[in-house]
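Peer 1: The opening position of the sequence shown corresponds to residue 229 in our numbering, with each subsequent residue numbered one higher.
Just so you know, these hints were derived from the structure itself, not from any lab.
Heads up, a few of these hints could be off.
To be verified - Calculated lysine to aspartate or glutamate pairs in the DMTMM-like style (CA-CA distance at most 25 Å, straight line):
id, residue 1, residue 2
1, K411, D444
2, K411, E400
3, K563, E573
4, K580, D565
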Amino acid sequence: AAHLVDSTNQVGHFQKVLTAIGNFCICSIAVGMVIEIIVMFPIQDRQYRPGIDNLLVLLIGGIPIAMPTVLSVTMAIGSHRLAQQGAITKRMTAIEEMAGMDVLCSDKTGTLTLNKLTVDKNLIDVFAKGVDADTVVLMAARASRTENQDAIDAAIVGMLADPKEARADVQELHFLPFNPTDKRTALTYLDNQGKMHRVSKGAPEQILNLAHNKSDIERRVHAVIDKFAERGLRSLAVAYQEVPEGRKESPGGPWQFIGLMPLFDPPRHDSAETIRRALNLGVNVKMITGDQLAIGKETGRRLGMGTNMYPSSALLGQNKDESIAALPIDGLIEKADGFAGVFPEHKYEIVKGLQARKHICGMTGDGVNDAPALKKADIGIAVADATDAARSASDIVLTEPGLSVIISAVLTSRAIFQRMKNYTIYAVSITIRIVLGFMLLALIWRFDFSPFM
Numbered sequence: 229a230a231h232l233v234d235s236t237n238q239v240g241h242f243q244k245v246l247t248a249i250g251n252f253c254i255c256s257i258a259v260g261m262v263i264e265i266i267v268m269f270p271i272q273d274r275q276y277r278p279g280i281d282n283l284l285v286l287l288i289g290g291i292p293i294a295m296p297t298v299l300s301v302t303m304a305i306g307s308h309r310l311a312q313q314g315a316i317t318k319r320m321t322a323i324e325e326m327a328g329m330d331v332l333c334s335d336k337t338g339t340l341t342l343n344k345l346t347v348d349k350n351l352i353d354v355f356a357k358g359v360d361a362d363t364v365v366l367m368a369a370r371a372s373r374t375e376n377q378d379a380i381d382a383a384i385v386g387m388l389a390d391p392k393e394a395r396a397d398v399q400e401l402h403f404l405p406f407n408p409t410d411k412r413t414a415l416t417y418l419d420n421q422g423k424m425h426r427v428s429k430g431a432p433e434q435i436l437n438l439a440h441n442k443s444d445i446e447r448r449v450h451a452v453i454d455k456f457a458e459r460g461l462r463s464l465a466v467a468y469q470e471v472p473e474g475r476k477e478s479p480g481g482p483w484q485f486i487g488l489m490p491l492f493d494p495p496r497h498d499s500a501e502t503i504r505r506a507l508n509l510g511v512n513v514k515m516i517t518g519d520q521l522a523i524g525k526e527t528g529r530r531l532g533m534g535t536n537m538y539p540s541s542a543l544l545g546q547n548k549d550e551s552i553a554a555l556p557i558d559g560l561i562e563k564a565d566g567f568a569g570v571f572p573e574h575k576y577e578i579v580k581g582l583q584a585r586k587h588i589c590g591m592t593g594d595g596v597n598d599a600p601a602l603k604k605a606d607i608g609i610a611v612a613d614a615t616d617a618a619r620s621a622s623d624i625v626l627t628e629p630g631l632s633v634i635i636s637a638v639l640t641s642r643a644i645f646q647r648m649k650n651y652t653i654y655a656v657s658i659t660i661r662i663v664l665g666f667m668l669l670a671l672i673w674r675f676d677f678s679p680f681m
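Let the sequences and hints guide you as you build the complete structure.
Peer 2: Have a look at this one:
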């Protein structure tokens with residue numbers, strides 16, 4: 229990740245535009261000075277000192293000195309206005325990129341959805357004998373944090389009659405927090421009889437790989453996951469094992485896959501309307517989610533984004549349908565409404581593909597591993613509650629959740645950029661008028677400018 233971040237240093241569009249304007253002004257002045265030199269001295273045989281004064285007046289008068297200051301002040305005022313709307317700009321030139329953004333790659337969880345998960349106990353699928361839905365919930369709650377909870381932990385512990393039940397009659401020995409590699413949490417504990425146990429919850433594939441009877445239950449697990457996904461529900465698996473060695477570092481006995489829990493993350497009430505506003509502004513919103521493809525399609529259907537979504541493996545040229553087999557990767561990324569099963573490293577490839585198609589791309593992110601994609605994107609947007617690493621790599625930091633903050637920032641940025649564009653046109657036209665006017669006065673009317681004008 230650090231290597232990818234370091235390799236994404238690039239010059240912004242605003243700097244390129246200013247450089248082009250500066251080069252144009254310098255070339256215009258240089259052409260005017262060459263014409264004056266040719267006409268004044270060899271043809272008109274003017275005196276050397278007045279001729280030099282005329283050249284200096286043309287050189288100094290033709291440079292739009294105030295333009296950098298005016299544009300910087302305009303962007304500073306615009307940055308303050310964006311901050312009031314909940315979008316803090318880390319670099320002022322990000323306003324120009326935000327105004328020109330035509331593709332926004334948005335995370336699903338927390339941006340398009342509320343990230344307030346609910347669990348329907350009636351839909352819990354139990355796999356172990358002698359276990360009911362209440363036991364699955366209790367085991368999942370034990371594998372959850374009781375403090376500093378994320379959305380999943382809060383939803384599961386909240387299903388208990390009393391949150392204290394998650395640690396009732398047990399002594400916590402070791403807690404394995406969630407990480408992007410293992411994709412699961414685990415708790416090692418002693419029960420009230422002094423026996424050691426371990427319980428884990430997490431991504432179904434990861435938990436299934438732990439199970440001792442994986443081959444026997446794999447088909448049924450995938451069938452339940454697909455059934456949940458068709459309804460837009462995420463799946464959370466729970467497993468349990470005994471640790472007869474009595475040491476928390478011990479691998480323990482065989483893992484028992486005990487159940488699958490459905491998680492529903494409702495869309496934000498304004499997401500569908502905000503996406504319509506974005507399309508009217510010419511901004512195409514693409515959904516980037518780590519969930520299953522079926523969940524992404526169902527969420528896209530509800531929000532009116534479209535269901536033309538593909539698994540992340542398609543980004544590597546794998547598992548491509550016949551309808552898209554002939555498309556290059558860049559074309560596939562441009563055509564898609566979103567991607568599912570995405571890891572942070574896939575985000576970098578998505579941004580790279582869109583930029584190869586000459587799109588000005590925005591990317592949202594919140595984790596450490598999102599930093600390369602945020603750095604690579606023309607507009608890296610760290611969502612509310614993002615990690616310090618994501619904020620450091622981003623151009624804009626949101627203080628409020630949701631997609632509406634981003635689209636409002638696009639509107640404000642376009643208004644600011646329009647003012648900057650109007651002033652730039654005015655400044656360049658003044659430069660052209662000064663060069664032509666001073667040159668005509670000096671050559672046709674043979675007017676000698678005083679060096680102290």
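Peer 1: Do the alpha carbons of K411 and D444 lie within 25 Å of each other, as the hint requires?
Peer 2: holds (23 Å)
Peer 1: Starting from K563, check that the Cα of E573 is at most 25 Å away, please.
Peer 2: holds (20 Å)
Peer 1: Within a Cα-Cα threshold of 25 Å, do K411 and E400 meet the stated pairing?
Peer 2: Holds, at about 21 Å.
Peer 1: With the threshold set at 25 Å, check whether the alpha-carbon distance from K580 to D565 stays at or below it.
Peer 2: holds (16 Å)
Violation of the numbered hints given earlier is absent; every hint is satisfied by the structure.
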